[in-house]
Amino acid sequence: MQSLKKSLILSFLITFLSLSSVLLSEDIISEPFFDFKGSLFENETIDMTIETIQPSTTSLIEKRNSVNFTGIINMYGLYEVNRNSNLFESTVSNNRLQFYSDADFFLDFRFQKGVKGFMDIYLGQINDPNVPSAQSLIINIKEYFVDFNLDYTSYFRVGKQYLKWGQGHFWNPIDFVNVDKKDFLNLNQALEGVYGLKVHIPNGTRSNLYFFLNSQQSDEPSDLSLVSKYEIALKNIELGISTLIKRNQSSRFGLEASTYLFGFDILSELSIFNGKEPFMNGSDVQYKSESRQYQWMGQLSKSINWERPNRVRVTYEHYYQTNGFETLNWTDTSLIDSLVEENIYIPNQLSKHYHSAFITISEFPYHSSNTFVNILQNFNDGSGLMNLGWTYTLINELTFNNSLIFYFGDSNSEYKGTGKSIDLRSQISLKF
Amino acid sequence: MIGASISFGIMIMMLANAFSNGISDNILNKMVIYMTGHVKVQGIENGRIISPIFRDKEKIKSLILKSDPNIQTIYEDIGSLVRVVGNGKGDYAWVSNTNLDEDFKQLYKPLEGSYELFESIDNPIILSEQKAKNLNISIGDSVNIRATNVNGQTNTGTFILSIITKNKNMFMDYAIFSKTATLKTLLGYKLQESGSFKLLLKNPKTAKTTADSIHQHLSPQKIGIQAKLGNKTIIVVPIGTIPSQNNISTRLGIKLSDVTTTKKRATVLNVPIISNTLDASHSKLTFSQREPNKYGTIPIKDSVKGIYSKTSKNIIFLPSERFFKLFQTTYPNKKINLQKYFTENNFDISILDVIDTEWTLTKRTKDTISFNKKLKTLMKNKKAQPTIDVSSMYETAKEVIQFEQMFNLVVLSVSIILFFIIMIGVLNSLRMTIKERYREIGTLRAIGLKKSQLQWIFLLEMLILVSISSVIGILISFGIMKGISLFEFNTDNALSMILVDNGIYFLPTLSHIIKNLLLVLGFTLITVYFPCRNAAKLSPSEALRR
Amino acid sequence: MNDKTNYPVSNNRPLTITIFLTTILIASSLSATSLKLKPSINKILKKIDKQQTIEKDVTAKVTILQQDIEQGIKQMESIYFAKGSTDQFLIVMTAPESEKGNGYLKADDHFWMYRRNTRTFQHISRDESIAGSDANTSDFETPKYELQYKGKKDSDNEDIIQTVNLGKIPAYKIDVSSDLPNVAYPNLTIWVRQDNLLPLKIQNKSYSNSLISTQYFLKYSKINDKFIAIKQMVIDNFEKGNKTVWEITDITFSPIDNHIFTKAYLENLSN
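Protein chains in written order, with our numbering: chain A, 1 to 432; chain B, 1 to 546; chain C, 1 to 271.
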């Protein structure tokens with residue numbers, strides 16, 4: 001603690017803490033099980049005997065086989081205040097109240113020598129009179145994989161897995177693997193994996209080599225794709241180079257870099273690939289080049305993050321893709337259909353420019369609670385959404401999350417095209 | 001519609017600016033002054049930046065006072081982050097000294113207790129209403145304080161609550177006060193020592209210039225202390241690092257073979273002394289200490305490293321580390337101005353080069369970033385020789401200013417993002433508007449208007465629209481500020497730190513208004529220019545056809 | 001050393017690390033023959049220093065139970081790997097549930113934080129600070145009692161060593177003090193076992209000699225001929241009600257393979 005500076009900022013933190021603790025002090029219940037009172041420490045409890053014990057021979061973690069069952073249960077309440085532009089004449093209120101819940105159950109099997117299995121079973125239930133009860137229950141195995149390694153020199157993971165490929169906060173241009181994308185309104189949600197084999201070869205602490213053999217929707221060997229990445233930590237920058245190789249498809253190259261400059265965490269991801277640039281002709285997707293002519297295209301995300309631990313965190317991220325659309329009529333459902341058909345549709349990633357900002361103020365307005373503002377906007381049509389919320393942690397395992405989501409923009413824009421206007425969203429999450 | 005959006009946008013910008021500006025003003029002008037002063041001068045030893053100390057406070061004080069007529073008041077600043085424990089409850093606080101001067105009385109209005117009570121006891125303490133509540137204590141109760149003293153040791157003390165103050169905002173609640181002498185005991189300062197000096201200026205805006213001037217006046221001198229070896233008067237001087245010792249050995253003509261003493265002790269202590277005056281009959285140098293009739297000693301017999309042949313017989317060279325540790329523990333009294341002494345006694349002036357100065361002076365820094373870097377270097381520099389740092393509030397109040405900047409950043413980023421969102425929306429509707437007016441464009445082109453004229457008409461129209469809506473936005477923002485300021489918030493939570501007298505404090509400035517206007521105008525010009533140009537480029541027939 | 005837990009730590013992460021790095025106390029081997037003569041104070045202090053030296057490689061499970069008057073009770077559990085020679089470490093949290101699977105990896109100037117729920121490694125290259133906190137490596141230096149403290153002597157210049165019973169255990173009680181700067185507690189009262197000089201209780205006192213905290217060594221075990229304080233407790237005497245108990249289990253000193261200090265291994269351990 002000698003290095004503890006006579007720092008006022010710390011003092012402010014403490015002031016916040018102490019103030020908030022005052023606010024909450026009545027809620028603190030003293031727990032009797034940890035009460036060492038009376039004669040417990042009047043010298044009797046010091047154990048005089050010194051037993052000789054054997055050092056554990058195997059590594060701590062690999063001592064025995066184990067099964068671990070954990071999970072998270074979320075309950076959502078959603079009130080949507082809609083002003084659907086297509087149904088503007090309708091006098092009936094289009095507001096909707098919805099309750100639904102979902103849960104992720106994680107099963108973790110551990111064996112010796114780092115061999116393990118993992119499974120994420122997702123259960124979702126929609127509580128909506130319009131949905132037949134048979135369809136209201138969703139069961140999905142988001143992940144199941146087996147891990148093993150060759151004498152800790154190379155690590156293998158085979159099965160359905162979600163890979164963290166890139167460090168971007170919201171956009172990951174170099175993510176050549178995953179299909180499931182982050183939900184802007186639920187950033188911490190467990191995502192669905194893809195089938196494949198991951199190989200991780202660490203080379204010391206500072207550099208790593210990764211391969212992923214993607215077998216998602218592969219009928220024959222030629223459908224497989226291979227993604228690889230080399231990552232190295234240099235003086236104050238960590239760099240990663242990745243590639244995607246797939247037969248009958250042009251390769252993709254990715255570069256990521258993260259560093260710390262002038263008090264900001266800066267990271268950027270760039271991917272380039274050869275392909276055909278799509279454009280919309282009415283509701284049809286067409287390509288600018290002839291069928292055999294390709295052109296280089298790219299996606300770039302830049303993220304800048306500024307943080308005062310346990311006080312405030314501001315992240316700004318900008319996303320740009322050369323092959324993005326500049327104008328789209330988002331109320332045209334057949335257009336969206338054809339985008340999906342052409343495998344182009346990726347939410348929050350169709351237009352040329354997007355930007356987002358994530359601001360979290362910790363322990364504000366008081367202890368155990370955070371206030372956040374997350375904003376996402378499509379640069380090209382001006383529409384966007386703002387998620388203004390408040391998280392309260394009752395105990396470590398139980399959190400409440402309340403947020404107001406504002407949608408803004410023209411009636412045929414990306415975020416307003418759905419007719420949404422304001423959502424009031426509550427979420428209770430229980431971890432176990 | 002566009003006009004309303006722009007008005008709304010500029011209103012938000014105005015509110016945000018005035019709000020954060022109000023907070024800055026509140027923090028900078030009201031808090032910082034009392035917390036760190038406009039200019040701060042501090043002395044650091046052994047890299048302990050948390051406990052600045054001046055061993056000879058009067059000397060430094062007089063040097064500072066001589067340096068700039070702009071100095072209004074000079075305070076001795078004793079303070080530390082401490083843990084306070086009241087009736088079963090603990091809290092952190094920043095303890096400071098106060099002489100109950102008028103400035104203090106102005107800022108901290110007593111709610112309970114009295115100045116008389118404060119004066120009448122040895123260990124009084126002043127707390128805010130909020131702190132007293134946190135610690136569950138009232139007037140006359142005692143609190144225990146735990147602090148780390150200047151020597152890095154834990155120390156504790158008991159204090160009696162004598163005044164409870166009602167403070168204007170939460171920042172002030174954090175500070176607690178006691179008497180200078182009492183705090184000096186708690187924090188391990190001797191009477192002739194001081195913490196940093198805090199200066200209030202007549203004109204705070206020139207704090208940087210004043211700091212520069214003080215910096216100049218504090219340029220360090222070579223130092224020596226007068227001591228006695230038997231009956232002989234001797235000057236003891238510090239010499240610095242090893243390279244300079246080698247340097248001095250050649251300069252003074254030391255033969256290492258002359259080292260005749262038991263090396264063992266010398267290595268154990270690692271305190272070589274270089275001297276030509278080794279007299280076996282006297283194993284100790286004696287010097288007078290600042291406290292009357294007290295004498296310190298420097299054992300020399302066993303630690304002589306070399307004997308030199310040139311120059312004066314009356315100088316003993318002591319390694320810097322050891323020399324300055326003497327200062328820190330024994331306070332030698334008689335300091336010598338070596339420059340003068342050397343000239344008067346016709347000594348080889350070049351020897352002065354290898355002698356250390358009484359302190360070193362850090363470079364002045366421009367901003368918080370470089371000041372922080374400086375602090376880091378100071379922290380790593382664990383030398384016993386003191387380092388003096390002069391900084392203005394723009395650097396020292398870095399934490400407060402950082403906090404203020406953090407707050408501003410959050411407010412500004414939220415408002416800028418909102419503003420951008422609105423403007424991007426405006427831009428899109430603008431494009432639509434122009435498209436809708438193609439027919440009009442066609443007509444205008446058909447009656448003979450030139451492209452450039454047409455472009456100007458559109459731009460001008462937009463500029464007028466933007467200007468009018470901006471002005472409306474600004475006016476509305478003033479109305480809202482006025483309205484909000486009227487509310488009183490009686491809150492104890494974290495929000496109260498942004499309040500002044502329980503109200504939200506806005507401080508709009510002309511420069512902000514102009515900046516906002518220019519920003520909006522610039523943004524509109526850039527965004528409108530291209531659609532306007534494209535529209536103007538259309539041929540009359542084409543425009544009419546659309 | 002243990003005073004750290006009482007300080008305001010703005011961030012939970014460095015707190016945890018700080019505790020781990022200062023918690024493993026290992027006693028060196030001692031001959032089984034009991035000491036008949038009173039040892040010198042210097043010898044006792046030397047013994048304590050020797051005991052606090054961290055071995056080159058340590059693997060252990062560390063459980064910390066912390067009671068804070070204001071923040072209530074916290075239990076943390078982690079697995080800790082440290083390589084003394086290269087200053088590398090790997091910590092994986094195993095409890096509480098909210099922290100489980102999160103880990104910390106350090107090598108050279110690089111520091112990674114692993115978050116289990118997002119499977120991300122956050123790379124931090126800020127020099128000397130850990131996770132943006134005030135904690136840095138110098139905080140983890142072990143105190144050198146022998147150099148810092150001097151025992152009290154009587155008129156014959158003999159060490160004052162009291163022979164007392166701490167509970168039922170025969171112990172020596174000594175008072176030592178330090179006038180050196182940067183020694184947090186200028187006064188200590190130490191109880192050591194008479195038979196092997198292992199510390200049982202240390203009272204940390206301030207410059208004005210008031211009691212700040214008391215450290216109890218509740219249980220020792222002998223592993224590979226080395227004594228280890230496997231259970232310790234610190235009671236805050238200044239602010240009553242704050243207590244911390246450490247327990248170390250599953251300890252080994254076998255050399256740790258370099259493959260432990262990799263992202264892959266941490267990820268494999270975690271999820």
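Some hints could be false.
As the list claims (entries may be wrong) - As a list, the in silico DSSO-like pairs of lysine-lysine whose alpha-carbon atoms are at most 30 Å apart:
(1) C/Lys-61 with A/Lys-431
(2) B/Lys-435 with A/Lys-352
(3) B/Lys-325 with C/Lys-152
(4) C/Lys-240 with B/Lys-382
(5) A/Lys-302 with B/Lys-373
(6) A/Lys-113 with C/Lys-226
(7) B/Lys-184 with C/Lys-100
(8) B/Lys-382 with A/Lys-235
(9) C/Lys-100 with A/Lys-142
(10) B/Lys-363 with B/Lys-334
(11) B/Lys-435 with A/Lys-288
(12) C/Lys-150 with B/Lys-383
(13) A/Lys-235 with B/Lys-334
(14) A/Lys-182 with C/Lys-100
(15) C/Lys-100 with A/Lys-431
(16) A/Lys-235 with B/Lys-184
(17) C/Lys-56 with B/Lys-382
(18) B/Lys-133 with C/Lys-240
(19) A/Lys-420 with B/Lys-435
(20) A/Lys-235 with B/Lys-380
(21) C/Lys-226 with B/Lys-383
(22) C/Lys-61 with B/Lys-383
(23) C/Lys-56 with B/Lys-184
(24) A/Lys-113 with C/Lys-61
(25) C/Lys-56 with B/Lys-325
(26) C/Lys-153 with B/Lys-325
(27) B/Lys-382 with C/Lys-144
(28) C/Lys-100 with A/Lys-160
(29) A/Lys-235 with B/Lys-363
Just so you know, these hints were derived from the structure itself, not from any lab.
Treat the numbers as computed from the prediction; the structure is a model and nothing was measured.
To see whether the hints hold, each was checked on the structure:
1. Straight-line distance between C-alpha atoms of C/Lys-61 and A/Lys-431 comes to about 24 Å, which keeps the hinted pair within the 30 Å bound.
2. Of the pairs offered as hints, the one joining B/Lys-435 and A/Lys-352 holds, with about 22 Å between alpha carbons and a cut-off of 30 Å not exceeded.
3. A threshold of 30 Å between alpha carbons decides the hint, and for B/Lys-325 with C/Lys-152 the separation of about 24 Å falls inside it, so the pair holds.
4. Under the criterion of a C-alpha separation no larger than 30 Å, the hint pairing C/Lys-240 with B/Lys-382 is inconsistent with the structure, at around 36 Å.
5. With a C-alpha separation of about 28 Å, the suggested pair A/Lys-302 and B/Lys-373 falls inside the 30 Å cut-off, and the hint holds.
6. Taking the CA atoms of A/Lys-113 and C/Lys-226, the gap is about 28 Å. The hint holds against a cut of 30 Å.
7. Between B/Lys-184 and C/Lys-100, the direct Cα distance comes to roughly 47 Å. Violation of the 30 Å bound is thereby established for this hinted pair.
8. For the given pair, B/Lys-382 sits about 26 Å from A/Lys-235 by alpha-carbon distance, which is consistent with the 30 Å threshold.
9. Taking the CA atoms of C/Lys-100 and A/Lys-142, the gap is near 21 Å; set against the 30 Å cutoff, the hint holds.
10. Between B/Lys-363 and B/Lys-334 the CA atoms are separated by roughly 29 Å; this keeps the pair inside 30 Å, and the hint holds.
11. Distance check on the hinted pair: B/Lys-435 and A/Lys-288 sit about 25 Å apart at the alpha-carbon level, within 30 Å; holds.
12. Of the supplied pair hints, the one linking C/Lys-150 and B/Lys-383 holds, its CA atoms being roughly 25 Å apart against a limit of 30 Å.
13. With a C-alpha separation of about 51 Å, the suggested pair A/Lys-235 and B/Lys-334 falls outside the 30 Å cut-off, and the hint is violated.
14. The straight-line distance between the Cα atoms of A/Lys-182 and C/Lys-100 is roughly 23 Å, inside the 30 Å bound, and the hint therefore holds.
15. In summary, the hint linking C/Lys-100 to A/Lys-431 is supported, as the alpha carbons are separated by about 11 Å, within the 30 Å threshold.
16. Between the alpha carbons of A/Lys-235 and B/Lys-184 the distance comes to roughly 45 Å, so the proposed pair goes past 30 Å and is violated.
17. Distance restraint check for C/Lys-56 and B/Lys-382: the Cα-Cα separation of roughly 28 Å lies within the 30 Å cut-off, and the hinted pair is therefore satisfied.
18. The suggested pairing of B/Lys-133 with C/Lys-240 holds, with an alpha-carbon distance near 19 Å, which does not exceed 30 Å.
19. Distance hint between A/Lys-420 and B/Lys-435 is fulfilled; the C-alpha atoms sit about 26 Å from each other, no more than 30 Å.
20. With a C-alpha separation of about 21 Å, the suggested pairing of A/Lys-235 with B/Lys-380 holds against the 30 Å cut-off.
21. Of the supplied pair hints, the one linking C/Lys-226 and B/Lys-383 is violated, its CA atoms being roughly 39 Å apart against a limit of 30 Å.
22. Proximity of C/Lys-61 to B/Lys-383 is assessed by CA-CA distance (about 40 Å); at most 30 Å being required, the pair is judged violated.
23. Restraint check for C/Lys-56 and B/Lys-184: the C-alpha separation of about 43 Å exceeds 30 Å, so the hint is violated.
24. At roughly 18 Å between alpha-carbon atoms, A/Lys-113 and C/Lys-61 fall within 30 Å of each other, so this suggested pair holds.
25. With a CA separation close to 35 Å, the supplied pair C/Lys-56 and B/Lys-325 exceeds the 30 Å bound.
26. A distance of roughly 26 Å separates the Cα atoms of C/Lys-153 and B/Lys-325; the hinted pair therefore holds under the 30 Å criterion.
27. For the hint pairing B/Lys-382 with C/Lys-144, the CA-to-CA distance comes to about 19 Å; that is within 30 Å, so the pair holds.
28. For the given pair, C/Lys-100 sits about 23 Å from A/Lys-160 by alpha-carbon distance, which is consistent with the 30 Å threshold.
29. A distance of roughly 28 Å separates the Cα atoms of A/Lys-235 and B/Lys-363; the hinted pair therefore holds under the 30 Å criterion.
The structure shown violates the earlier hints numbered 4, 7, 13, 16, 21, 22, 23 and 25.
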